[in-house]
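Participant: Given next are the chains, with one letter for each unit.
Number of protein chains: 2
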Amino acid sequence: MKRDETSLKAFIALKRTNDAIDIAIRKDIRKYGLSVTEFAVLEVLYTKGPLTIQTIRDRILIASSSTTYVIERLIEKGYVIKEQDTKDRRTFYVSITDAGRTVMEEIFPMHAAMIQSFFDCLEDDELEILKEALKKVSARVSNII
Amino acid sequence: MKRDETSLKAFIALKRTNDAIDIAIRKDIRKYGLSVTEFAVLEVLYTKGPLTIQTIRDRILIASSSTTYVIERLIEKGYVIKEQDTKDRRTFYVSITDAGRTVMEEIFPMHAAMIQSFFDCLEDDELEILKEALKKVSARVSNII
DNA sequence: TCTATTTAGTTCGAATTTGAGATAATTATA
DNA sequence: TATAATTATCTCAAATTCGAACTAAATAGA
Chain A
1 MKRDETSLKA FIALKRTNDA IDIAIRKDIR KYGLSVTEFA VLEVLYTKGP LTIQTIRDRI
61 LIASSSTTYV IERLIEKGYV IKEQDTKDRR TFYVSITDAG RTVMEEIFPM HAAMIQSFFD
121 CLEDDELEIL KEALKKVSAR VSNII
Chain B
1 MKRDETSLKA FIALKRTNDA IDIAIRKDIR KYGLSVTEFA VLEVLYTKGP LTIQTIRDRI
61 LIASSSTTYV IERLIEKGYV IKEQDTKDRR TFYVSITDAG RTVMEEIFPM HAAMIQSFFD
121 CLEDDELEIL KEALKKVSAR VSNII
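Just so you know, the protein sequences line up as chains A and B, in that order.
Each residue of the first sequence is one higher than the one before, counting from 1 in full-length UniProt numbering.
Each residue of the second sequence is one higher than the one before, counting from 1 in full-length UniProt numbering.
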């Protein structure tokens, strides 16, 4: 198969894999009344600690207006709080609350187990190459855009 | 790094790569007045020929209500037509029109070149493993769900 | 210092997407 | 054959997402 053709096939496989996993996660997380985006925000705050709104947006790659929206939903649910930075009053830090942490502690193990089961069809070295190759490609995409 | 941890990292990299590419494609295709979903439908009809609505839905993994919606948009734009199957009157075949083909012939080379440039940071064997690994994972996900 | 530019986040309207529940046609079963 | 179950698609309301334009605050440059 020619190089160009392989790239296109890889892209199609990437899209399909992502979409299929997304559907699985959506179903799973819906039980807890969360959308995939809400979960992504909670997850990054849970693992990385308090972040500015902008950092959250860069992490999960959604429009900034969507970031405002999803954080508002999470505040309503009591899972995060938003605090203005005293030094730079344009920026806000978002942190997970105890209630948010409790939900994540309930969801996360099942979520992680599901993800792991998706990848358990790969050998160790395949998985490693997959991970590294994806990192290279996403860095490349960010560079080009 | 432990196996489980690598799976989670691979998943995060997958999501991030997909989202970044999606944003790039959206920008690119917007110039032609198409959404990413509309483009995906056109692309599959362009490369695979006429398909039923259900097959299109399975290919691009969106809700069936969304399939109805996006095909309606494409009909309005004159890029596809919908024809009822004479044998099974529940099913409809969707085909790309000449106008749709013309648009695809205009967009597709640039689109393909962009995709290829995203993957040109990988060696041939890395790309091959990436593609095959993604196929395995998406098959695995479909099996589990 | 004054003004221009940049940065962080929000508002708003329009477009898209979803899930739940129809409808209509086909197929399986009693 | 009559009825039940399945299949293909659609309708609808609600939720999400986006892009464009905005406000407010900080920083850079004259």
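No wet-lab data here; the hints were simulated from the structure.
Since the structure is predicted, the reported quantities are computational estimates derived from the model, not experimental observations.
Some hints here could point you the wrong way.
The list treats identical chains as interchangeable, and a pair is accepted whether it falls inside one copy or across any two copies.
Said to hold, decoys possible - With a cut-off of at most 20 angstroms between alpha-carbon atoms, the simulated EDC-like pairs for lysine to aspartate or glutamate come out as follows:
hint	residue 1	residue 2
1	Lys-77	Asp-19
2	Lys-15	Glu-126
3	Lys-87	Asp-124
4	Lys-87	Asp-98
5	Lys-77	Glu-126
6	Lys-82	Glu-38
7	Lys-31	Asp-85
8	Lys-27	Glu-72
9	Lys-135	Glu-72
10	Lys-9	Glu-126
11	Lys-135	Asp-88
12	Lys-87	Glu-76
13	Lys-82	Glu-106
14	Lys-27	Asp-58
15	Lys-136	Glu-126
16	Lys-2	Asp-125
17	Lys-2	Asp-98
18	Lys-9	Glu-105
19	Lys-135	Asp-125
20	Lys-27	Asp-88
21	Lys-135	Glu-106
22	Lys-2	Asp-22
Participant: Name the hints, by number, that the structure is in violation of.
Facilitator: The structure conflicts with hints 1, 3, 4, 5, 7, 8, 9, 11, 12, 13, 17, 20, 21 and 22, although it agrees with all the remaining ones.
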